[in-house]
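All chains, please: the whole structure from these sequences, using the hints.
These protein sequence lines map, in sequence, to chains X and Y.
If you're matching positions, the first sequence starts at 1 in the numbering used here and goes up one per residue.
If you're matching positions, the second sequence starts at 1001 in the numbering used here and goes up one per residue.
Since no wrong hints were added, every one of them can be taken at face value.
With a straight-line cut-off of 20 angstroms between C-alpha atoms, the simulated EDC-like cross-links for lysine to aspartate or glutamate are:
hint, chain 1, residue 1, chain 2, residue 2
1, Y, K1130, X, E238
2, Y, K1130, X, D232
3, X, K464, X, E130
4, Y, K1130, X, D242
Hints were generated in silico from the structure; no laboratory data involved.
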Amino acid sequence: MTPSETGKKSNVLWNLFTSVKLTLGLLIALAITAILGTVIPQQEGAMELAERLSPGLVSLLSSLQLFDMYHSIWFRLIIGTLALNLIICSLDRFPAALKRFQATPKLDRSKPFDDLPSHRNFSAAGKIDEVLTLTVGILKAKYKRIHQKESEEGIVLYAEKGRLSHLGVYLVHLSVLIILIGSIVGSLFGFEAYVNIPEGESINKVRLRKSQVDRSLPFDVRCDRFLVEFYDNGAPKEYRSDLAFTADGKDALQGPLRVNHPITFEGITFYQASYGSMPGNRAQISIRREGDPANATLEVEIERPYDLPGRGGQFMIFEARADFMKMGPAVQMAVRPPEGEEVRFWVFKNNDLIKERFPGFFERFPKFNPGAYKPYLFSLESIEARYYTGLQVSRDPGVLLVWTGFFLIMIGLFMTFFTSHRSVWIQIAKTKRGLDVRVAGRANKNPVGIERELDRIASKIKRKVKKETPV
Amino acid sequence: MNSIILSYITFVYFASFMLYLLMMVMGKEFFGRLATFVTLVGLLGQSLAIVLRWVESYDLGIGHAPLSNLYESLIFFAWTIVFFYLLVEWRTKNRSLGAFATPIAFLAMAYASYSPTISSQIQPLVPALKSNWLIAHVLTCFFGYAAFGLAFGLSLMYLLKRREKPEGSNVFIRIIPESSILDDMNYQMVVIGFLMLTLGIITGSVWAHSAWGSYWSWDPKETWSLITWLVYAALLHSRMVRGWKGNKLALLSIIGFSCVLFTYFGVNYLAGLHSYAKS
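Take a look at the structure:
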């Protein structure tokens, strides 16, 4: 390959990436793929869809990463290409913009003063110095930098503002890159996880959302209490978890965690995300001995043995479930007779309902028979409910970059759309009949705005000249 | 009380729509001036009702800015579009956009007031919405939507104006400003909308970071707002760098506004985190 050929090749590539056609294509491609992602169920939602489709189709779709599109390789490829396109386009155009930004004003040009409308080319009476000072005074109100050049024929004034407007669009592009870098930093060095903490308990591990792997924390988090309040209409008013963060056995930070008010401890932030209830530590059991007329109702703690009434042995609940086999609350019981083998069986709360639905169920399966230990008949009155709080746990070191990008993009957009580089030339020439004033100018954007501005300056000069230099 | 006033405002905007149309069909300035007056009265009445609703929510002990559900957002959308339109009318001294802007406001008000699925009751804020970001986020988003709505109206006008024949057309088309002016106004409205949408996405993102623990979750509403942003970004690039004007720009602006509408309404049919904006 000859050097000129490689030059040509890189040129082709360079030309491709400097083309705004590519930008438009990529923006549209990104939009279309994003649309697909909102139509095809993603992640958890995809499971449901997968059950209804044929396995072949499912494996095809999932190999195309269509069920986790926003994290798929090809979606990232589009974003990456767009970023490259943005960088190369900006690099390609930036030098020219910088030149315009740094350009030194040329004062000895006659071109701007040709073909001016009559109201911007007028004669004035008075001395040239007087007209000059009042003109400079008018310009100074809006323009910081004013240059002046004197010659035989008269004076040329040049004023300008808004040079930065040339650079606004590059600031916008830079901000987009900063935001993208921030998101990459976040996904590389941060994590997103969740954890449920029952009231009164501590955790030091959280489950990562992406990989479903546990990640241990360098401290303990305890939930002392979870509180949910409702409005009169039943809508939730507030979710609150009273959390304590313990490091080295001491409570280092305590506080209420509410929605919209996250707590950060040692760089890891906790958010109130959900809640639920689970069986607590206590249950109410009623026991009847065959032949006895009355029930005995006991309030018992889980995993603690109790004596059966009438010295029939000891019983203990060692497991409580809020919903067991879709038949409602149940506890698993272990009864130890004075002599012999321990008996284990489940006791449901909805005994009557189960009997009605599945006649003979208890008799057929001794494991589920509340009368399995004779001559006693157990029934479950209630299981104490206990709240658990669901927390979102995350660390994102990229977030500061993202915020910076947000801030800069707004400044950049403002510079791009609402400022323009305005140049104003004013020529005050001596003629035989007095002075000839010409007001000209141009702007890189907003052509209507500069015309209005020039008219305003011209009429101001006219008025002031009339007032201060009476003929 | 406030919702009764607001339901009457629907008819006021319908009346102004009819008056702007009459002006366009008959070519009589009188109808135009009357239309402006009626629209202004509608806007004032609506502003009053919104303030009243705000005060009422405090009387109920659940005080919050009236920007918290679909009903309130529709009302605010109508308000911003009328407000923006009157501003444009005042600046440009041309009323023809009125015939395209007021029907949007009328439809939004009618949908809010008379759809059986939308409740006009003042509801308390659920925990996720209890944030100072609520006002900033909703305000910026809807200012953006309104600007895009006007750009959409201007695009329709542009496409109509293009059909004008040199030998003379009907009054309706003649009253519409020059196509170059329409093109320029369309672009300016898109610029304002784009700035506001960007700010809306930013405020939403910062809010999501403190409420949900992540500044971007690819929730359908987030994704669709990004799609909308991309479409308008494409429009701005095509204009600023490629110099596209006219038909192509008008078409892109129309596509952009359909994305806005989908972000606003269509997304409700997809599951997501923004569920409070549904009813």
